[in-house]
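> Spelled out, the chains give:
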Amino acid sequence: MLLEILGLGALANDKPWLMHRGRFLDVSFLLEVGDAAYLVRIHHGRVEAVEKGPFVMPRWIFALRASEKAWATFWQPLPPPGFHDLIAMLKTGALKLEGDQHPFFANLLYFKELLALPRPAAAQERAQ
Amino acid sequence: MSAVIRPQFEPAIGRYLRLDIQGKPHRLYIEEAGAGIPLVCLHTAGADSRQYRGLLDDAEVLARFRVIAFDLPWHGKSSPPAGWHKGEYKLTSRAYVDTIMAVIDALGLDKPVVMGCSIGGRIVLHLALEHGPRFRALIGLESGAHADPYYDLDWLHRPDVHGGEVCGAMISGLIAPTAPEAERWETIWHYMQGGPGVFKGDLHFYTADGDVRARVAEIDTGKCPLYLLTGEYDYSCTPDDTRDLARRIAGSQATIMEGLGHFPMSEDPARFLGYLRPVLAQILKRDSKS
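So the sequences go chain by chain: A and B.
Each residue of the first sequence is one higher than the one before, counting from 178 in my numbering.
Each residue of the second sequence is one higher than the one before, counting from 98 in my numbering.
Just chain A, with the same shape it has in the complex:
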C-alpha cells in the first residue's frame, strides 16, 4: 500500500485522459493512511511529487484522512458497499475531508479516479 501511494505519480502520469481531466488543477493535498501522512503535489493534473511524513509544518489545501484498514478495504479489487467510493466513505465517516473543499469538488472525478488507481483491478487495466 505504501509503495502504491509513493508510486501514485507512476500510476497516474501515463494516463492521458486523467491528465486531461486535471489540466486546470494545481494543488497540494494531505493523504493520511492511519498514522502515515503523505503530501501529494499536483501540477496541471500531473502528480509532481509524493512525500512521506512526518512533517514539521506541512502546507496543504485539503486533507483526506482514513484508517489504514479503511484504505485497504477501499483498495480491494471489489470493495464492499460503503468502501467502494470516496463520497460513500465520507458519508459513513470512514473518511474525513478537511480544509478548502473547492478544488476537491471542482475536480471530483479526477480525485476519485486518482485515488482508486492502487486498486488491483486498476493495476490489471494498466498492464493491458
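In short, the hints are calculated from the structure, not lab data.
A few of these clues could be false.
What follows is a set of in silico ranges between Cβ atoms, one per label pair, in the way DEER data are often shown [stated by the list, open to error]: (1) G319/B - L255/A: 38 to 46 Å; (2) D251/B - K229/A: 33 to 41 Å; (3) R200/A - I110/B: 37 to 45 Å; (4) L183/A - A378/B: 48 to 56 Å; (5) G276/A - A192/B: 31 to 39 Å; (6) E157/B - E245/A: 43 to 51 Å; (7) P108/B - R218/A: 48 to 56 Å; (8) D212/A - E283/B: 35 to 43 Å; (9) D202/B - D277/A: 48 to 56 Å; (10) D337/B - L183/A: 36 to 44 Å; (11) K246/A - P375/B: 32 to 40 Å; (12) A305/B - Q278/A: 15 to 23 Å; (13) P108/B - G184/A: 47 to 55 Å.
Backbone N, C-alpha and C fix where the C-beta goes; we use that ideal spot for every residue, glycine too.
Given the coordinates of chain A, work out where chain B should sit on it, guided by the hints.
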C-alpha cells in the same frame, strides 16, 4: 437499384405532451413502448427518462405492459415552465404528486402501475397515501421514508464549479462497482447533462420537503400493493433504510438487490430485470384474479 435500408429502431416512441400542471401550461417529453398494463416509470433526481432505456427495449416486458417514461419539468427534453429564470427550482411533494397525476390523467391511464427510483421511490409512498386506490401497484426503487443530506448541496450549483462535472462525479459512486462500463458512464452522462441547479432542486424534496416518516405506517397495501427494491451498493438510500421502511408498512415486500446501486434500471438493466420480472409476474397474477 438501391439496397433496402432497415433502420435499427428500438420500439420506444418519444412525443411531447401539452398539459397544465398546477394551473400552468407545460410541455413534457414522454417515451413509451409496449401494450397492456400501463407501467409509468419515474426517473431519479437530476436525471431523465433515458434511465429506463433497458425496460423500454425489453420484448418480454413490452408484451404485457405499456411502459411509459416521462421527463419531469426542467429535466431531459421537458421544458421548464415559462418564467423559470426568475426563481430557484425546488421540487416539493405537492408539485411532484400533482405532476404525476396530471400526466396519468392527460394520458387517460386506467389503474397504472407506477415505478419510481430514488426521489421516484419516495414519491410512490406519497402516491400510496394520497391516491392509493388509483394504482394497480406501486414499485419503489431505492426507496426510503427520508434521507439526510451527507454533503453540502451548494457544491452542486455554483458558478465556480462546473455543474455537469460535479453532479456526474457526485453520483458516480452510487453505481455498483460491478456495473458494465458502458451503462455506468451513460448513467453518469445523464447527470452531466442536467440543467443548472436542477439536481440540487430535486434534492430539496429528497432531503427536506419529502420526509414521509410520520405517515408511511398509514399506507394500505390492501388497496394497492407496494414493492420495494434496493441495490446493495446504494449509500444514498441504503438497504437498511429500505428495510426500515418495509418494517413500517404492513404488507410491503422488500428485496435487496445484489450487485446493484442507486440506479438499477440504468446502471445494469439486465441484472435489474432479473429482480423486476418476478414483481411484474406477481402484478400480472394478481390482475388476472381480479
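> Next, verify each hint and record whether it holds.
Quick rundown of the hints versus the structure:
At about 41 Å, the beta-carbon gap between G319/B and L255/A stays in the expected band of 38 to 46 Å. The supplied range of 33 to 41 Å is met by D251/B and K229/A, whose beta-carbon atoms lie about 35 Å from each other. Between R200/A and I110/B, the C-beta spacing of about 42 Å keeps the proposed range 37 to 45 Å intact. The given range of 48 to 56 Å is respected by L183/A and A378/B, whose C-beta atoms sit roughly 55 Å from each other.
Roughly 38 Å separates the CB atoms of G276/A and A192/B, a value that falls within the hinted 31 to 39 Å. In this structure the supplied range 43 to 51 Å holds for E157/B paired with E245/A, their Cβ-Cβ distance being about 48 Å. In this structure, P108/B and R218/A meet the distance hint of 48 to 56 Å, their C-beta atoms being roughly 53 Å apart. Taking 35 to 43 Å as the suggested C-beta distance range, the pair D212/A and E283/B conforms, at roughly 41 Å.
Separated by about 50 Å at the C-beta atoms, D202/B and D277/A satisfy the suggested range of 48 to 56 Å. At about 38 Å, the CB distance of D337/B to L183/A agrees with the hint of 36 to 44 Å. Checked against the given bound of 32 to 40 Å, the beta carbons of K246/A and P375/B, roughly 38 Å apart, stay inside it. Checking the proposed 15 to 23 Å range against A305/B and Q278/A shows it holds: the Cβ atoms sit about 22 Å from each other.
Between P108/B and G184/A the beta carbons are some 50 Å apart, a value that agrees with the proposed interval 47 to 55 Å.
Of the numbered hints given earlier, the model fails none.
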